[in-house]
Amino acid sequence: MFRRLPDAAATLTVTVDGEPVAARAGDTVAAALLAAGKLRFRDTPVTGAARGPYCMMGVCFDCLVAIDGVGNRQACMVPVANGMAIETQTGARKIER
Amino acid sequence: MPARAVQEYYDVAVIGAGPAGLAAATVCGRAGLATALFDEQPGPGGQIYRAVAGTPLKRDTILGADYWRGARLVEDCAMSGAHYLPDATVWSLTREREIGVSIAGAAHMIRARRVILATGAMERPFPIPGWTLPGVMTAGAAQALLKSAGLVPSGRVVLAGTGPLLWLFARQCLAAGAEIAALLDTAPRANRMRALPHAPSFLASNYFRKGLALLRAVRPRLRVIRHVAALAAEGSGRVEAVRFRTVRVAADRIGADLLLLHQGVVPNVNLAMAAGVEHVWDHAQLCFVPVLTPDLATSVEGIAIAGDGGGIVGAEASAEQGRIAAFAAVRAIKPADAAGLIGAEAEARRNLARWRRGRRFLEKLYRPAAQFRIAEGDTIVCRCEEVKAREIAEAVTLGCAGPNQLKAFTRCGMGPCQGRMCGLTVTELIAAARGVAPGDIGYYRLRPPVKPITVGELAGLPAGDAATKAVARD
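Just so you know, the protein sequences line up as chains V and F, in that order.
Per my numbering, the very first residue in the first sequence carries number 8; after that it's consecutive.
Per my numbering, the very first residue in the second sequence carries number 15; after that it's consecutive.
Just to be clear, a hint being listed does not mean it is correct.
Unchecked claim - Residues from chain V shown here face chain F by an in silico Cβ test under 10 Å; the list is partial:
{"id": "1", "residue": "10"}
{"id": "2", "residue": "24"}
{"id": "3", "residue": "27"}
{"id": "4", "residue": "31"}
{"id": "5", "residue": "48"}
{"id": "6", "residue": "51"}
{"id": "7", "residue": "71"}
{"id": "8", "residue": "88"}
{"id": "9", "residue": "91"}
Unchecked claim - Selected chain V positions facing chain F (Cβ under 8 Å, derived; list incomplete):
{"id": "10", "residue": "34"}
{"id": "11", "residue": "53"}
{"id": "12", "residue": "55"}
{"id": "13", "residue": "56"}
{"id": "14", "residue": "59"}
{"id": "15", "residue": "60"}
{"id": "16", "residue": "64"}
Hints listed in this document are in silico derivations from the structure and should not be mistaken for laboratory results.
All values reported here derive from a predicted model rather than from experimental measurement.
Note that the Cβ used here is the ideal one computed from N, Cα and C, for glycine as well.
Construct all of the structure, not just a fragment, from the sequences and the given hints.
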């Protein structure tokens, strides 16, 4: 659980699984989701266990989400953009991604 | 710092824009060398000075004066003439110093006469039961969120582990108005005695007063539970509680919405190892470190390593190492300029010695306990492939000799993180099971690409020997 300091007010909107989520220009996708109270970013392909960001510096690959239709992007490494469509990853991976 | 278009050739390529990389690129740029500074993040600073040029935090008091010192390194680098290339993921480095890098979705192969690796550190894996649950993160991850996004932990926040960063982050949280339910200190009681012989140099070091002030500021405001000997995160689908045991308390449990783990940092070795740089086990730091000369040259001609990637030295020493590696590059490429740098190099070496003083004490005092490095039972070791400690122990019983064989036995280390989250645990686990030294077990054989790239990016490369070798070396 995280909260935004007043310095870091949201300035734009992205969608997460179709729902609008406020984010700040300069946030990574992972930061925006965490600020919105989302800890669970995906389920693992091996056992279906829930996962979310662990390292926030691009080394653990646990924050993988689909961004604008491209799967397995590192949410902690991609900056948000207004209107960006973010999808959490559950179930079997889709071949077209 | 303004970003520049990438060239095909540089005199010096510096990889990583933390303190070591910024300082190295500054020296090379000022010397008139064609210098590139590649960095994976959108802004300079590395992890220690993460987002120092773009943080939303306006108040100096939250992150502290040491953080803002990074701004000076960024300003110097911006004025130096070095080309800064952000959002640049270096995924390959060959012995011939050909560099595979992706910038904004396009892959490039570039060449450099000298390469200075400044890939820094990452937090040591902390394999405890439940460490894969959402809501369990590293303290460094939460700190990165504070620096780069202005987010502070909220709800029931539990910090656990050992090391200066844990205490520093606790202070930053308190300064930002966060509440911390508890800090579970996992440093073993014996650490103090083992650190004692190194106390004199620590007392004379720059770290003593800072550390004392930090602990005095934080301890009285926190519920600190010391000598924690066992730790587990519990919850269904996300962390809900932390179960722990101390040397005094048999078992206890505290509710938690966020568990932030930390037990020190270790060199980020993937790129250096994939380039063929020789590494050895460091018994004091409990990790693999590259073999370096006093000029920070590696076993591979033309590739140097500066900063925490060469063994943990801290931010200030990292910057000095960056300068030292850069002076060597200037000497090699522009020998006529070497004489003019003698004074500056001597100063950098003096500063480096000063900043290294006291580090041994810190290593001993905050040395992570064996049970938090070497997992057992059903604890997940390889987060990507979900391989448990028990399965690794069984593979050893069946004759598995080392980390690379273990891949064939269990798929351990074969997921997207490429062993970063399990490598050290696996080495120490196999070493303990076989009763041999970690250095004799070795590490995963790392190969490019060290970061995932798309087939489209690969296909977009001009087809040549360099491109083939970058991804298909033996």
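### Interface hint outcome for residue 91 (chain V) [beta carbon to chain F under 10 Å]
violated, 15 Å
### Message
Quick check on residue 10 (chain V) please, does its C-beta sit within 10 Å of some C-beta on chain F?
### Response
holds, 4 Å
### Query
Close enough to count: is the Cβ of residue 55 (chain V) nearer than 8 Å to one in chain F?
violated, 10 Å
### Query
For the hint on residue 51 (chain V), does the least C-beta distance to chain F fall short of 10 Å?
holds, 6 Å
#### Entry: Hinted contact residue 34 (chain V) with chain F - closest CB pair below 8 Å
OK, holds: residue 34 (chain V) within 8 Å of chain F, min 5 Å.
#### Entry: residue 88 (chain V) as an interface hint toward chain F, with CB separation required under 10 Å
violated, 12 Å
### Task
Double-check residue 64 (chain V) for me: the hint is only fine if its C-beta lies closer than 8 Å to a C-beta in chain F.
Hint on residue 64 (chain V): holds, closest Cβ of chain F at ~6 Å, below 8 Å.
### Query
Minimum Cβ distance from residue 60 (chain V) to chain F below 8 Å?
holds, 6 Å
### Query
Given residue 59 (chain V) was flagged as interface, is its beta-carbon under 8 Å from a beta-carbon of chain F?
This hint holds: residue 59 (chain V) lies near chain F, its Cβ roughly 3 Å from the closest one there, short of 8 Å.
### Query
Per the CB criterion, is residue 48 (chain V) less than 10 Å away from chain F?
holds, 7 Å
### Query
Against chain F, is residue 71 (chain V) within 10 Å by beta-carbon distance?
holds, 7 Å
### Query
Do the numbers back the hint for residue 31 (chain V), that is, is its least Cβ distance to chain F under 10 Å?
holds, 7 Å
This entry does not satisfy hints 2, 3, 8, 9, 12, going by the numbered hints stated previously.
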